[in-house]
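Engineer: The listed protein sequences derive, respectively, from chains U and F. Each residue of the first sequence is one higher than the one before, counting from 1 in the UniProt record's numbering. Each residue of the second sequence is one higher than the one before, counting from 1 in the UniProt record's numbering.
None of these hints come from the bench; they were simulated from the model. Predicted model only: the values in this text are computed from it and were never measured. Possibly wrong hints are sitting among the right ones.
Claimed, not checked - Computed list of lysine-lysine pairs in DSS-like fashion (alpha-carbon distance at most 27 angstroms, straight line):
{"hint": "1", "chain 1": "F", "residue 1": "K195", "chain 2": "U", "residue 2": "K21"}
{"hint": "2", "chain 1": "F", "residue 1": "K141", "chain 2": "U", "residue 2": "K104"}
{"hint": "3", "chain 1": "F", "residue 1": "K218", "chain 2": "F", "residue 2": "K141"}
{"hint": "4", "chain 1": "F", "residue 1": "K218", "chain 2": "U", "residue 2": "K136"}
{"hint": "5", "chain 1": "U", "residue 1": "K136", "chain 2": "F", "residue 2": "K6"}
{"hint": "6", "chain 1": "F", "residue 1": "K64", "chain 2": "U", "residue 2": "K104"}
{"hint": "7", "chain 1": "F", "residue 1": "K38", "chain 2": "F", "residue 2": "K195"}
Stated by the list, open to error - A partial selection of chain F residues facing chain U, derived with a Cβ cut-off under 10 angstroms:
{"hint": "8", "residue": "L51"}
{"hint": "9", "residue": "K78"}
{"hint": "10", "residue": "G150"}
Using N, Cα and C, we set each Cβ at its ideal position, and we do this for glycine too.
Chain residues, written in single-letter form:
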Amino acid sequence: MKFKLQQYLSGNQELRIMSGKPRLIYLNGRGRMESIRWLLAAAGVEFEEVYLETKEQFEKLIKDGSLLFQQVPLVEIDGMKMVQTRAIMSYIAGKYNLYGKDLKERALIDMYVEGISDLMQMILMFPFSPPDAKEKNLESIKERATNRYFPVFEKVLKQHGQDFLVGNKFSWADVQLMEAILAVEEKVPDVLSGFPQLQVFKTKMSNMPTIKKFLPGCRNFFIVGILLILALKLYKTKLKQQRA
Amino acid sequence: MAGKPKLHYTKGRGKMESIRWLLAAAGVEFEEEFIETKEDLEKLRNDGVLLFEQVPMVEMDGMKMVQTRAILSYIAAKYNLYGKDLKERAWIDMYVEGTTDLMGMIMYLPFQPADTKEKNLALIIERATTRYFPVYEKALKDHGQDYLVGNKLSWADIHLLEAILMVEECKPDVLSAFPLLQAFKGRISNIPTIKKFLQPGSQRKPPTDEKFVAVVRKIFNI
Chain U
1 MKFKLQQYLS GNQELRIMSG KPRLIYLNGR GRMESIRWLL AAAGVEFEEV YLETKEQFEK
61 LIKDGSLLFQ QVPLVEIDGM KMVQTRAIMS YIAGKYNLYG KDLKERALID MYVEGISDLM
121 QMILMFPFSP PDAKEKNLES IKERATNRYF PVFEKVLKQH GQDFLVGNKF SWADVQLMEA
181 ILAVEEKVPD VLSGFPQLQV FKTKMSNMPT IKKFLPGCRN FFIVGILLIL ALKLYKTKLK
241 QQRA
Chain F
1 MAGKPKLHYT KGRGKMESIR WLLAAAGVEF EEEFIETKED LEKLRNDGVL LFEQVPMVEM
61 DGMKMVQTRA ILSYIAAKYN LYGKDLKERA WIDMYVEGTT DLMGMIMYLP FQPADTKEKN
121 LALIIERATT RYFPVYEKAL KDHGQDYLVG NKLSWADIHL LEAILMVEEC KPDVLSAFPL
181 LQAFKGRISN IPTIKKFLQP GSQRKPPTDE KFVAVVRKIF NI
């Protein structure tokens, strides 16, 4: 559900209390909010979004004192106005049991997530590259993904032979890796060609119900499917009418 | 089994300094192995001990930990500097991310081209005094307690003290408009473990000078 920013800023308290869902305030784009959307979706948590469309809206948000460090992402959750991407994600992971069973598993998850985050940062900044640097930056993304990051996770999965990266249980690390794989594939379609374990991992993740629901391809397929069924029904009805 | 943590990094502040601060504040003795040449870094990489080919790396509790935030989170949790529940942790995380952003600007300053230094320094001071310090001043004012979160010493307090001292090295009177932060600075500096770390001869590293910048550039090829 999306809300107009005006509604939000006018302090629509009833709406907020009623829904109880986390509310995400950001631009209508991926940026630093996308990983948060992924994590909430993977955890099966419904959320609302408010999109910032102008500089004035952003400035008003700052003036209202909603942004601790005058920056977005902002996520309203459990009575807090949370900022700072990592803080938000750590909280969500902790709350929805996606952070391992003990301190050591958490350490592993943190290490994996931080590594992937460095790779995602390159992709996040890519659209802002000057035109003459774009090709070089794309090459860097490909190089880092295939030489530094993906080999680590390929090895982890191979060594323990389990479905998930840490503790034989779905965690934040798996969600983050899945997001990264898809993001890199958008730029380098055959990037997983040397990584059989990651290919299997990607398929497994895609089939998890909460993630399946979140993936755009599936959503479109579902919508098209419904439309086809409706169209067929309509056609059948028309045929019946014609015969009669 | 329970050896001291061993830190692998250059002999300078960089990304390891916050880790030194946190261990010291927690009263944990640690060893350091310094990377002095490009070959030292290559050896670590070839030995396969750097998960993403990068330092900091901290050997601790049977793990070879990398990624600064992961290491800091682990230490904070292990030594009870991470709040008492998920919400306190959320606040500590938010505060620490803020001071991390501020200290990050200062960390990169010596590596910036000479003709941008003055402008970047001005930006650091501006951010410190208009974006970051006011937040912590207000937090202390709102609850009137000695520590940022949960009326108890946490990672957030240690990180903030580190940031204050770093900014003061850039501009000594930067806290002039922040009375509560001045009091905070005095209080936290007097905690025995931290007081010890602030004394000469401790493992705290000095600010990065031009000579050290050259060493770092050589080691990391930047």
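Engineer: Please go over all the hints and tell whether each is borne out by the structure.
Structural biologist: Do the hints match the structure? See the list:
no.: 1; hint: F/K195 <-> U/K21; result: 45 angstroms, violated
no.: 2; hint: F/K141 <-> U/K104; result: 36 angstroms, violated
no.: 3; hint: F/K218 <-> F/K141; result: 46 angstroms, violated
no.: 4; hint: F/K218 <-> U/K136; result: 23 angstroms, holds
no.: 5; hint: U/K136 <-> F/K6; result: 37 angstroms, violated
no.: 6; hint: F/K64 <-> U/K104; result: 12 angstroms, holds
no.: 7; hint: F/K38 <-> F/K195; result: 34 angstroms, violated
no.: 8; hint: L51; result: 6 angstroms, holds
no.: 9; hint: K78; result: 6 angstroms, holds
no.: 10; hint: G150; result: 14 angstroms, violated
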